[in-house]
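Chemist: This is what each chain is made of:
2 protein chains.
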Amino acid sequence: MNKPTPLSGFPELLPEHRAIEQQVIDTLRRVFELHGFAGIETRATEPLDQLLRKGETSKEVYVLRRLQAEAEGADSGMGLHFDLTVPFARYVLENAGKLEFPFRRYQIQKAWRGERPQEGRYREFTQADIDVVMKDDLPFHFDVEVARVMAEALSALPLPPMRLRVNNRKLIEGFYRGIGAPDPAAVITIIDKLDKLPAEQVATLLREAGLSGEQADQCLALATISSADTSFVDQVRALGVEHDLLETGLAELAAVIDGCSAVRSEQFEVEASLSLARGLDYYTGTVFEIYMVGYEFLKSVGGGGRYDALASDGKNTYPGVGISFGISRTLVPLISRGLLSSDRKVPSVVLVALADEESRPASDAVATALRGSGVPCEVAVSAQKFGKQIRYAERRGIPYVWFIGADGGHEVKDIRSGEQSTADPASWSPPESDLRPTVVRAENQ
Amino acid sequence: MNKPTPLSGFPELLPEHRAIEQQVIDTLRRVFELHGFAGIETRATEPLDQLLRKGETSKEVYVLRRLQAEAEGADSGMGLHFDLTVPFARYVLENAGKLEFPFRRYQIQKAWRGERPQEGRYREFTQADIDVVMKDDLPFHFDVEVARVMAEALSALPLPPMRLRVNNRKLIEGFYRGIGAPDPAAVITIIDKLDKLPAEQVATLLREAGLSGEQADQCLALATISSADTSFVDQVRALGVEHDLLETGLAELAAVIDGCSAVRSEQFEVEASLSLARGLDYYTGTVFEIYMVGYEFLKSVGGGGRYDALASDGKNTYPGVGISFGISRTLVPLISRGLLSSDRKVPSVVLVALADEESRPASDAVATALRGSGVPCEVAVSAQKFGKQIRYAERRGIPYVWFIGADGGHEVKDIRSGEQSTADPASWSPPESDLRPTVVRAENQ
Numbered sequence: 001m002n003k004p005t006p007l008s009g010f011p012e013l014l015p016e017h018r019a020i021e022q023q024v025i026d027t028l029r030r031v032f033e034l035h036g037f038a039g040i041e042t043r044a045t046e047p048l049d050q051l052l053r054k055g056e057t058s059k060e061v062y063v064l065r066r067l068q069a070e071a072e073g074a075d076s077g078m079g080l081h082f083d084l085t086v087p088f089a090r091y092v093l094e095n096a097g098k099l100e101f102p103f104r105r106y107q108i109q110k111a112w113r114g115e116r117p118q119e120g121r122y123r124e125f126t127q128a129d130i131d132v133v134m135k136d137d138l139p140f141h142f143d144v145e146v147a148r149v150m151a152e153a154l155s156a157l158p159l160p161p162m163r164l165r166v167n168n169r170k171l172i173e174g175f176y177r178g179i180g181a182p183d184p185a186a187v188i189t190i191i192d193k194l195d196k197l198p199a200e201q202v203a204t205l206l207r208e209a210g211l212s213g214e215q216a217d218q219c220l221a222l223a224t225i226s227s228a229d230t231s232f233v234d235q236v237r238a239l240g241v242e243h244d245l246l247e248t249g250l251a252e253l254a255a256v257i258d259g260c261s262a263v264r265s266e267q268f269e270v271e272a273s274l275s276l277a278r279g280l281d282y283y284t285g286t287v288f289e290i291y292m293v294g295y296e297f298l299k300s301v302g303g304g305g306r307y308d309a310l311a312s313d314g315k316n317t318y319p320g321v322g323i324s325f326g327i328s329r330t331l332v333p334l335i336s337r338g339l340l341s342s343d344r345k346v347p348s349v350v351l352v353a354l355a356d357e358e359s360r361p362a363s364d365a366v367a368t369a370l371r372g373s374g375v376p377c378e379v380a381v382s383a384q385k386f387g388k389q390i391r392y393a394e395r396r397g398i399p400y401v402w403f404i405g406a407d408g409g410h411e412v413k414d415i416r417s418g419e420q421s422t423a424d425p426a427s428w429s430p431p432e433s434d435l436r437p438t439v440v441r442a443e444n445q
Numbered sequence: 001m002n003k004p005t006p007l008s009g010f011p012e013l014l015p016e017h018r019a020i021e022q023q024v025i026d027t028l029r030r031v032f033e034l035h036g037f038a039g040i041e042t043r044a045t046e047p048l049d050q051l052l053r054k055g056e057t058s059k060e061v062y063v064l065r066r067l068q069a070e071a072e073g074a075d076s077g078m079g080l081h082f083d084l085t086v087p088f089a090r091y092v093l094e095n096a097g098k099l100e101f102p103f104r105r106y107q108i109q110k111a112w113r114g115e116r117p118q119e120g121r122y123r124e125f126t127q128a129d130i131d132v133v134m135k136d137d138l139p140f141h142f143d144v145e146v147a148r149v150m151a152e153a154l155s156a157l158p159l160p161p162m163r164l165r166v167n168n169r170k171l172i173e174g175f176y177r178g179i180g181a182p183d184p185a186a187v188i189t190i191i192d193k194l195d196k197l198p199a200e201q202v203a204t205l206l207r208e209a210g211l212s213g214e215q216a217d218q219c220l221a222l223a224t225i226s227s228a229d230t231s232f233v234d235q236v237r238a239l240g241v242e243h244d245l246l247e248t249g250l251a252e253l254a255a256v257i258d259g260c261s262a263v264r265s266e267q268f269e270v271e272a273s274l275s276l277a278r279g280l281d282y283y284t285g286t287v288f289e290i291y292m293v294g295y296e297f298l299k300s301v302g303g304g305g306r307y308d309a310l311a312s313d314g315k316n317t318y319p320g321v322g323i324s325f326g327i328s329r330t331l332v333p334l335i336s337r338g339l340l341s342s343d344r345k346v347p348s349v350v351l352v353a354l355a356d357e358e359s360r361p362a363s364d365a366v367a368t369a370l371r372g373s374g375v376p377c378e379v380a381v382s383a384q385k386f387g388k389q390i391r392y393a394e395r396r397g398i399p400y401v402w403f404i405g406a407d408g409g410h411e412v413k414d415i416r417s418g419e420q421s422t423a424d425p426a427s428w429s430p431p432e433s434d435l436r437p438t439v440v441r442a443e444n445q
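Note that the protein sequences, when read in sequence, are chains E and C.
Counting from 1, position 126 in the first sequence corresponds to residue 126 in my numbering; the numbering is continuous, with no gaps.
Counting from 1, position 441 in the second sequence corresponds to residue 441 in my numbering; the numbering is continuous, with no gaps.
Quick caveat, the hints were computed from the structure, so don't treat them as lab data.
Ideal placement from N, C-alpha and C gives every residue a C-beta, glycine not left out.
Certain hints may be false.
Derived EDC-like pairs (lysine to aspartate or glutamate); straight-line CA-CA distance at most 16 Å [claimed, not checked]:
#1 K299(C) - D195(C)
#2 K388(E) - E124(C)
#3 K98(C) - E394(E)
#4 K110(E) - E124(C)
#5 K3(C) - E94(E)
Label-pair restraints from in silico Cβ distances [said to hold, decoys possible]:
#6 D313(C) - D343(E): 28 to 38 Å
#7 S359(C) - Q201(E): 45 to 55 Å
#8 S429(E) - G409(C): 55 to 65 Å
#9 G405(E) - Q118(C): 56 to 66 Å
#10 K3(C) - D343(E): 49 to 59 Å
#11 G387(E) - S261(C): 47 to 57 Å
#12 A156(E) - T189(C): 46 to 56 Å
#13 P139(C) - D407(E): 22 to 32 Å
#14 D136(E) - P6(C): 21 to 31 Å
#15 G210(E) - G408(C): 54 to 64 Å
#16 Q384(E) - D308(C): 37 to 47 Å
#17 G408(C) - D258(E): 19 to 29 Å
#18 A69(E) - E357(C): 49 to 59 Å
Chain E extracted, bound-state conformation (with noise of 0.2 Å):
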């Protein structure tokens, strides 16, 4: 085989990457597992019908076709999912009769789109996904619930500071409504150009929809608002609109800002931003997009919201809110760029020095030890010069080399700082700091 080049669109990294990667996935697990969400992995395949429900995405699904299959060309009728969303769908209606609702899951896993790659956009990607699940009826504090959670285990990763933002469905179809715009559905999807579209486009479009000049000053006004706490609700109170769905609106939203007080941080921000609207035709309430500081141009990496008909099969319908998280989408462009790496290339904690062949027994027994206090570490490959074993260790990153001598005595020497001392196998353990590989964050220029 010639040397093989990278795939564009499939990201790979390097065992010293992964182990960021994989860092990240333990902690949002840790946090989703504290919050009493239960993990769930579905198959990478779904019927191709149910994955052309949503047109948005319906080019950019990879279809499969076995080798074997018997017609030359013939596709299997499936295709690899493009999110988690359909096939956690699918996976609720399956086993609704197994499930306990609310059922509050969390879903760590790959997806695929045959969309053109850039940064930031992969072909093959990570997404932690939670959402809570009921039957019928699923009450508001769960859409607070989401936030908090997805906020508390994104605070806790070494990523850039999150902004969270908030906007309510109800809110801003009752403000339409409450103006007398013909078709509140159509204006959303005019107001959510607002990112890629100067105002005055946005209001000739919205003219072209049918609504009058002074409709559409207070479509834009609305949207105009945004607020870090509740005041946004004076703020819309103030373009004098009344409607019922409107008051429901803000009452969740001011709910959901209320809610997200405490897990406000210089590394989480939550404001209410009443442009957000999602395209996305299934949410009902509560929606949100996530983005990071500082990496605006990456657009949002991650959203969600709250869709009162998630799943249903004509006799239950299964109401759901959840957030997405890209995982892929951030690491990689921060990895790419050396803004985030990590001090080791391998678990190792401990180099096991070897002596001469004739030692190694002796030298596996220490390695034997210290794995059973749970420190990872390797046995030395040859008895080479100590100089050329310590070579080895720094080349990896693993900060201490074992060492027994000559009278059988044990010494460990920190490679950093040089120092060395005497340890016994049994007992040894590093400071906790040393368990793991150290993620290194440096600041974007």
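Since chain E is already given, all that's left is putting chain C on it; use the hints.
Modeler: Structure of chain C alone, referenced to chain E:
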């Protein structure tokens, strides 16, 4: 959507069963890392020409096509990987300049094969691979190391005992050369059929391949030899065949069997098994197969060996040795037969009861305190009668319910024993064994 039905060959687990799989994966990973193996993930896709190099599985590949690809039915030239060895070899070549050798890596990922689904054989499955790869020359002691590491990992799982069968290609090839077999490779292929065909039929095949009756008998005599210790060496010598390669193979196999003496237990058997050949042609020395004791009808649940040219780019050759273990192949049959279960459908250890909706902040505060001590928990969905809240916990297998009294006092009840006592949310924690779901294994009938 109508109620969807499961897809044959694509097993999915309920949350309480996924918890078992997750614990298995965590345990494997912990042991692999204790031995200095670094985790990597490779993309799901490989170029078709690489996937089709191995004849055996060529017909079972899933080919990918982007739905929006211009030409109708044009494949992408990519397929889903059917194992983790082909992707790993490509990864080593692609990143050789950035990796440190010896490169110890583990990889726990899904793979896909379009073969006919049956118990233990799935179209989508998860496996765990460990390999050590070197540049140019890989010392033999790594053959012993990978066997030991996998033994230690599998012994720590809540599964039936495993049996590791070991043989050596040099041993059998040297033996076949020693008796003057015209085509030793052909003999290996025929001897590999011994687990499917009766001995006489295999003897016939050997004679058809050009062996004399006496040579065929010698081959069959070799294949009957097995031993849990190094006594196989004398049994082979008693057949009176001499060849340098045979001697090397005997010494290597004896070293692996000897080297495994410390990991041998009731939970893990190791035996030299001279009938083992493994059909794949890239093995060059040690070969391994793993069987689950009592479940031999599943065939091997793992395997591997040494390949002196895992990968080569013309300039450099990368020899390797590794073992693979089938996670889906072992877990899915045990779970679906009810022989492996867990006592909890959620990670929550505590359900914090809710006296009334007004006291939700107080219950939330208890949950926050418990999470601060690393105790997974959830707050009741609504202020139902306490009896109903306890039954909610019971149905999920949550062992503790936390009550806040009207006087503000805190009590925690172990709903398994009925024992209830006062507790402080800031300092209470359950016994270590309650922190995670318990995996329960029943004996096969």
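Chemist: Tell me, which hint numbers fail for this structure?
Modeler: Structure breaks hints 2, 8, 11, 16.
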